[in-house]
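Peer 1: Let the hints inform the model, and build the full structure from the sequences given.
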Amino acid sequence: MNYTQLQKVGTVVKYIILILVGFIMVYPLIWMVGATFKTNNEIFSNLTPFTAHPTLDGYKNAMNDYGGKINIFKAMLNTYSYVLPKVIFTVISATVTAYGFGRFKFIGKGVLFSVLMATLFLPQVVMNVPQFILYNKFNWVDSDLYLPLIIPSLFAFDTYFVFMIIQFLRGIPRELDEAATIDGCNAIQTLILVICPMLKPAIVSCALFQFMWSSNDYMGPLLYVKTPENYPAAIFVRLSMDADTGFEWNRVLAVSLISIIPSLVVFFCAQKQFIEGVSAGSVKG
Amino acid sequence: MRMKKVLAGIMSVSMLAALTACGTKTTDEGTTTTAGGNDAAATTAAADGGAAEPVETAAPASGEDVTIKFSWWGGDSRHEATQNAVNAFMEKNPNIKVDVNFGAWSGWEDSMSTSFYAGTAPDVNQINWNWITNYSSDGSIFLDMNKVSNTFDLTQYSQAALDQCTTAGELQAIPVSMTGRIFYWNESTFANAGVAVPTSLEELYAAGEAFKTNLGDDYYPLALGEYDRMILMVYYLESVYGKAWVVDGQLNYTAEEIAKGLEFIDSLEEKHVTPTIATILGDGAESLDKNPKWMEGKYAGIFEWDSSASKFNSALNEGQTLVVGDYFKDMGDYQGGYSKVSLAFAITETTPYPTECAMLMQYLLNDPEGTAIMASERGIPLSAAAKENCLSQGLLNEMVAEANGKVLDWVQFPLDTQFENSKLKGNPDGVYYDALGGLSYDEYDYATAAQILIDGISDVLAG
Numbered sequence: 001m002n003y004t005q006l007q008k009v010g011t012v013v014k015y016i017i018l019i020l021v022g023f024i025m026v027y028p029l030i031w032m033v034g035a036t037f038k039t040n041n042e043i044f045s046n047l048t049p050f051t052a053h054p055t056l057d058g059y060k061n062a063m064n065d066y067g068g069k070i071n072i073f074k075a076m077l078n079t080y081s082y083v084l085p086k087v088i089f090t091v092i093s094a095t096v097t098a099y100g101f102g103r104f105k106f107i108g109k110g111v112l113f114s115v116l117m118a119t120l121f122l123p124q125v126v127m128n129v130p131q132f133i134l135y136n137k138f139n140w141v142d143s144d145l146y147l148p149l150i151i152p153s154l155f156a157f158d159t160y161f162v163f164m165i166i167q168f169l170r171g172i173p174r175e176l177d178e179a180a181t182i183d184g185c186n187a188i189q190t191l192i193l194v195i196c197p198m199l200k201p202a203i204v205s206c207a208l209f210q211f212m213w214s215s216n217d218y219m220g221p222l223l224y225v226k227t228p229e230n231y232p233a234a235i236f237v238r239l240s241m242d243a244d245t246g247f248e249w250n251r252v253l254a255v256s257l258i259s260i261i262p263s264l265v266v267f268f269c270a271q272k273q274f275i276e277g278v279s280a281g282s283v284k285g
Numbered sequence: 001m002r003m004k005k006v007l008a009g010i011m012s013v014s015m016l017a018a019l020t021a022c023g024t025k026t027t028d029e030g031t032t033t034t035a036g037g038n039d040a041a042a043t044t045a046a047a048d049g050g051a052a053e054p055v056e057t058a059a060p061a062s063g064e065d066v067t068i069k070f071s072w073w074g075g076d077s078r079h080e081a082t083q084n085a086v087n088a089f090m091e092k093n094p095n096i097k098v099d100v101n102f103g104a105w106s107g108w109e110d111s112m113s114t115s116f117y118a119g120t121a122p123d124v125n126q127i128n129w130n131w132i133t134n135y136s137s138d139g140s141i142f143l144d145m146n147k148v149s150n151t152f153d154l155t156q157y158s159q160a161a162l163d164q165c166t167t168a169g170e171l172q173a174i175p176v177s178m179t180g181r182i183f184y185w186n187e188s189t190f191a192n193a194g195v196a197v198p199t200s201l202e203e204l205y206a207a208g209e210a211f212k213t214n215l216g217d218d219y220y221p222l223a224l225g226e227y228d229r230m231i232l233m234v235y236y237l238e239s240v241y242g243k244a245w246v247v248d249g250q251l252n253y254t255a256e257e258i259a260k261g262l263e264f265i266d267s268l269e270e271k272h273v274t275p276t277i278a279t280i281l282g283d284g285a286e287s288l289d290k291n292p293k294w295m296e297g298k299y300a301g302i303f304e305w306d307s308s309a310s311k312f313n314s315a316l317n318e319g320q321t322l323v324v325g326d327y328f329k330d331m332g333d334y335q336g337g338y339s340k341v342s343l344a345f346a347i348t349e350t351t352p353y354p355t356e357c358a359m360l361m362q363y364l365l366n367d368p369e370g371t372a373i374m375a376s377e378r379g380i381p382l383s384a385a386a387k388e389n390c391l392s393q394g395l396l397n398e399m400v401a402e403a404n405g406k407v408l409d410w411v412q413f414p415l416d417t418q419f420e421n422s423k424l425k426g427n428p429d430g431v432y433y434d435a436l437g438g439l440s441y442d443e444y445d446y447a448t449a450a451q452i453l454i455d456g457i458s459d460v461l462a463g
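Going down the list, the sequences are from chains A and B. Each residue of the first sequence is one higher than the one before, starting from 1 at the first, in the numbering used here. Each residue of the second sequence is one higher than the one before, starting from 1 at the first, in the numbering used here.
Since the hints were derived computationally from the structure, they do not count as laboratory data. One should not assume that every hint holds.
Stated by the list, open to error - Cross-link-like lysine to any residue pairs, in silico, SDA-like; alpha carbons within 25 Å at most: (1) 272/A with 260/A; (2) 243/B with 421/B; (3) 290/B with 32/A; (4) 423/B with 272/A; (5) 200/A with 101/A; (6) 290/B with 26/A; (7) 293/B with 55/A; (8) 425/B with 219/A; (9) 290/B with 427/B; (10) 69/A with 95/B; (11) 212/B with 240/B; (12) 260/B with 202/B; (13) 109/A with 196/A; (14) 298/B with 47/A; (15) 298/B with 51/A; (16) 137/A with 113/B; (17) 92/B with 372/B; (18) 97/B with 66/A.
Peer 2: Here it is as structure tokens:
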């Protein structure tokens, strides 16, 4: 066996392992697709994605519209009508905040930064009641525009993203800023024309994370959306889940499957940038 | 650097403090006095709730256009039935618009409790029985239903049932249905084992033996999780000693008595009546209705809420029949077991339209038209009129109705409001799980497990 042959064998072995591990990772998703065609009985007793008695009830019931108030497509539309603004505002506010902390010196910067970081450790549960009362005072609860869900992201509420972008910003040489200044850029121009293009991987992963978290968020909408017509998908999926009398899992899985399709598409489109962004912050240039 | 850290620490603590302070303050403003401790609650109750107030004359159905909000949790069929009933109500009363807010149970209590405290809760709410003591122990959150008794017909309910919803001298909610634990048997498996469905403890022990010899070691006549065991043990103890589990906030049983109950539970395992906790956990299912051994009929019995019958029935493989069992008469000299309010409807104190809210409740719970639409979506109705109406029209799930009838005929003891406290019932950290799980694993002897129960329960009862 010569070197080329050895290499080929090596490649084959590598691919077999990769395919095997990949299959194991994807299996739950495949099973979920299969399970949408099963009855409850089979869902809990059958480990394979195949079914002996396929049924389309899950999908049929997924179209249930709760007295014309809300259906799955409206729910998905509702989800994106606050997730997209939230993502955009988060990206803008987090970038601006990070730029401020990363590049400028001002009085109290150290303290403010420490406070900002401290909020990173504040769990959401602690904030639920005070936030609710505050938004209630503003009359934002059950607002048709999802104000309590969107507005906080205008103020870099998700500290994690600020932190992430600051870390990334440290890897971008200051010489670039200086060159831009010499070329006549002011601070804002420097940010938009020079820094932002360099920050792209970090911004993409920040947007993706926010997209995923906000789409999956259950407690937020549950607290602030009280009109069935405005329910997002996260709530819609659970509407039929009655723990006391039992419910059809195939319907819940079918609804989940339909509602994650857009998220999957977004993820696949942004995959390359996303992976770069996650790993890039860790290496200092 | 150190200075900075200290500063940051102080800042974050003060921020937290500010947030909390904010919270309490507004809470106080939002509703009358919801603030904290039981003592405070008790005093306010004595001050403003204790004295019987005159029947409110809140402009009886003025005919003005009003909008009220109504919230509930549940599953698909409940959402549908309730919306239909609400629509029918609005047709009948064109001046009243009912906005609905419904969802699944998960997270619902958190969401509702937040709005109770903020004073923004809907006008009419489906509530869990323990919410009365948890959120309105001073009567400040829910309206005293006696104030709207002109509109809402209280005579359809037994005084005992209404008493269960009376706290701080106010009837804070109307119980929609009662539920209790009862045996269900998989008749098919019992037939295979060559024994009849047990009607006494003796027959159950015999069935355990028959299952083992005729069907195999995998087959058990009764499957009990930790919490099921706890409830069954209380049922047993109440049957033997004839006294309620908790009386006046004090555990009513001694360590020796509880040890006897634990011995009974242990005997079920020993006589091959019920699998060990280790076996059940080893099946890898989250709950018994999702357990393949239940579906196949290897576990042939459960001790469950009457309202859960359909869930367990539909989980079974084809060709198996589930039947409602009987309470065992040979457990002791008394009729043990308890029933509890499974759901209740309550009007919030903040509503500007109590009469209209009461009209809605009257329609949903007592009116022939409304109750026919609601049928048994919230269990077998407790209202006499509603039950009779649904029975005559054949609207109730037969098995659930049979089970509910048996429960209500048999049980005599009330449930302590703290029995389902999450510190006790919590899985897997609760006291019940610790004691009964440990017993099954042979980590504890009877005395130790009994002591764990006594300590844990007394702790919770002491508040």
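Peer 1: Run every hint past the structure and note whether it holds.
Peer 2: Status of each hint after checking the structure:
1. For the given pair, residue 272/A sits about 20 Å from residue 260/A by alpha-carbon distance, which is consistent with the 25 Å threshold.
2. Note on residue 243/B and residue 421/B: the hinted pairing holds, with a Cα-Cα distance of about 21 Å set against a maximum of 25 Å.
3. Of the pairs offered as hints, the one joining residue 290/B and residue 32/A holds, with about 16 Å between alpha carbons and a cut-off of 25 Å not exceeded.
4. Restraint check for residue 423/B and residue 272/A: the C-alpha separation of about 47 Å exceeds 25 Å, so the hint is violated.
5. A distance of roughly 18 Å separates the Cα atoms of residue 200/A and residue 101/A; the hinted pair therefore holds under the 25 Å criterion.
6. Under the criterion of a C-alpha separation no larger than 25 Å, the hint pairing residue 290/B with residue 26/A is consistent with the structure, at around 24 Å.
7. Taking the CA atoms of residue 293/B and residue 55/A, the gap is near 23 Å; set against the 25 Å cutoff, the hint holds.
8. Distance hint between residue 425/B and residue 219/A is fulfilled; the C-alpha atoms sit about 24 Å from each other, no more than 25 Å.
9. With a CA separation close to 17 Å, the supplied pair residue 290/B and residue 427/B stays within the 25 Å bound.
10. Note on residue 69/A and residue 95/B: the hinted pairing holds, with a Cα-Cα distance of about 21 Å set against a maximum of 25 Å.
11. For the hint pairing residue 212/B with residue 240/B, the CA-to-CA distance comes to about 28 Å; that exceeds 25 Å, so the pair is violated.
12. For the hint linking residue 260/B to residue 202/B, the alpha-carbon distance of about 17 Å falls within 25 Å, and the restraint holds.
13. With a C-alpha separation of about 22 Å, the suggested pair residue 109/A and residue 196/A falls inside the 25 Å cut-off, and the hint holds.
14. Taken as a hint, the residue 298/B and residue 47/A pair is honoured in the structure, with Cα atoms around 19 Å apart against an allowance of 25 Å.
15. Between residue 298/B and residue 51/A the CA atoms are separated by roughly 22 Å; this keeps the pair inside 25 Å, and the hint holds.
16. With a C-alpha separation of about 17 Å, the suggested pairing of residue 137/A with residue 113/B holds against the 25 Å cut-off.
17. Between residue 92/B and residue 372/B, the direct Cα distance comes to roughly 15 Å. Compliance with the 25 Å bound is thereby established for this hinted pair.
18. For the proposed pair residue 97/B and residue 66/A, the alpha carbon gap of about 18 Å is at most 25 Å, so the pair holds.
Hints 4, 11, counting from the list given before, are not met by this structure.
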